[in-house]
Amino acid sequence: MSTVASLRSPAIEVERLEKRFGRFLAVSDVSFSVRPGEILGFLGPNGAGKSTTIRMLCGLLRPSAGRALVDRIDVALDPEAVRKRIGYMSQKFSLYQDLTVAENLRFFGGIYGLAGARLAARMRYALEMAELTDHADSLVSDLAGGWKQRLALGCAILHEPRILFLDEPTSGVDPLSRRRFWDLIHDMSGAGVTCIVSTHHMDEAEYCNRIALIDRGTLVALGSPAELKRRSLGGELLRVECAPLDRALAALHECPLARDVAVFGSTLHVLVDDAAARREPLIAYLAEHSVEDAHVTRIDPTLEDAFVQLVGRGEPPREPGWAAGAGQASGAQA
Amino acid sequence: MGGGRRTSLGSAGVKLRRISAIAIKEVLQVWRDPRSLMMALLVPVMQMLLLGYGVNLDIANIPTCTYDEEGSPQSVDLLKHFQASRYFNLVANLNSERQIADAMDRGRCKIAIVIPADFSRDIAMTRYASVQAIVDATDDNTATLATAYARAVVQGYSDEVQAELALQLGQRTMPAPIAEQSRVWFNEDLESRNFIIPGVVALVLALVGAQLTSLTISREWERGTMELLLSTPVTPMELMIGKLLPYFAIGLLDAAICLAFALYLFAVPFRGAFSTLLFTTSLFLVVVLGIGYLLSVLIPSQIGASQMAMFATIMPISLLSGYAFPIDQMPAPIQALTYLVHARYYVTILKAIFLKGSSAAELWAPITALIVYAAAVAGLAARAFRRQLT
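As given, the protein sequences belong to chains A and B, one line each in that order.
Residue 202 in the numbering used here is what sits at position 202 of the first sequence, and the numbering runs on without skipping anything.
Count along the second sequence starting at 1, add 334, and that's the number in the numbering used here.
Extracted from the complex, chain A is given alone in its bound form (with noise of 0.2 Å):
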């Protein structure tokens, strides 16, 4: 981000935060800063300890162990100072379905002090932010998914929060939607906000300045998307499409070329010391093991291949929305 914001103190710091519940450990030794305006995604599957990571940092759930401060405030000491500093948008959705648009607004406007010009001020804001402005006056239990979250998001911000926990905010919502939210994360960021936002949407990643890995309960990795495949996977990857699919998975299995193979839909993609060295070599082994006609191709890294790397060791991940976003990701480059 900007050097100003480098400069300032980090927007939130977390050292060493732990959560039990009983004899659960829901979060582990989890550490790490961000900075004011940048965009940081929690990405792991469900139940990896996302959401009660951000519950604990908007005081709405008290660490076991460790500290969190949140603009400067430690959250165990003075939840009530960082309700004030910060918008949140939970992973249910919670506005009310029995009242409309606007009436939604002018609750969570007054909940946060606003009043007369500047609560109209914000409310039109909110309104034209989230497209909403001809849809005041509907109730919410009529809106699309896409337009309830885009309200969410106007209630989250109308008191102008410099933090914003976004905890899974696109689940459930249709992929233009989810487009468009992002940009206007992207805004809110460009404006100085700072945003943790939770998924676990692979491409959505992607879109975010930093992503903090998260699985059962502990932090795997911290990084730019490029840095973290970068650093994970070690290596190079070459895409193998051939048939049959299996002969070839069990062949490069034992291949001492090959680091590392997963299956990726119909292709394999394997891990490599260098690329552009070991594609022939690979082609010609395959064909030893009597894979004929292998057609095999340098691609760039997904953060799905570092996210097998990092934590799946090369089991393929479990939950149904886990790889929605996978595979078409992945730019292919020769």
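Among the clues, some could well be false.
Here are the simulated lysine to aspartate or glutamate pairs, DMTMM-like style, with alpha carbons at most 20 Å apart [unchecked claim]: (1) A:84 to B:452; (2) B:349 to B:367; (3) B:349 to A:80; (4) A:92 to B:561; (5) B:414 to B:452.
Bear in mind the hints are in silico, worked out from the structure with no lab data behind them.
Using the hints provided, position chain B relative to the given structure of chain A.
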């Protein structure tokens, strides 16, 4: 998005904005759900009618049999006095004691009046005659009252006979018989209805009030709106005040309905000041709405909270508030328990305002008790409110 700090308003102003935002939201939600509004206004009407007509300790039209052994003009005259009384309803003229026993066994009558064969002769000769009343005492309240009413009828007849005799004998003045002279204050007609209806008002308000607010927090939990609300700077006290205000208005409307029924339908005398009634009723509403709210805070499911509001109010209030069953006739440990029942104080207040016309100053004790109760309930609710998820 400016990001710059605005000069912050006084915190009192912000508090008021939050409270009014919550109150307006609650009003809109009640308004959008007409069924709940109808319930809030119809239930007190039904309960007033049911309890007002249903609970009546007076007895009228007691089924009565007669057995006139004499059949003289005088005996027939006495029986006519019974017929004329609204307390007795003559159902049969019988001819033997056996028939009386039979009629009582079959439940045809609760009381039998037996006039002996020498009734008129005894009056003429000795000026002293007796009439027998046989009472079915399986229901002792009815039996006691029936005997007392029968004695009154006979006494009235006896006075007439004496006056007639005195006239016949040419006496201007006759020796005044020593008679009981009791005066009844505050409820001159000894109508149990006058005594009970103010208590019924308290009962209905306590039931309806707790129901009104018992859903208000649990609804937010069940619909998932609480999580977002908790992420805002709203305080438990602001939330409580904002949520109770609209229901307070509905509660006052309910109180007006109940009081209108008491005054116009049941024609209970009202001798107090309207301002005293409004003040004490408002105070009681705060208590009952607060109890419903407290339950809503403690029990996160709507059904659970609503049922608990029912249980927690209906039994203790109907038995221990003294609305129909006098507290000073309860055993001492039970009497001690009644001090925990909020309706007890309001029943005392309402009866005093209605029948005695008591002022707020005279009612300082129960009023203080209600104030303490209201503060305790509000404090507990604010403390019990979960400001965080678990």
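Taking each numbered hint in turn, which are not upheld by the structure, reported in ascending numerical order?
-> Numbers 1, 2 - these are the hints that the structure violates, sorted from lowest upward.
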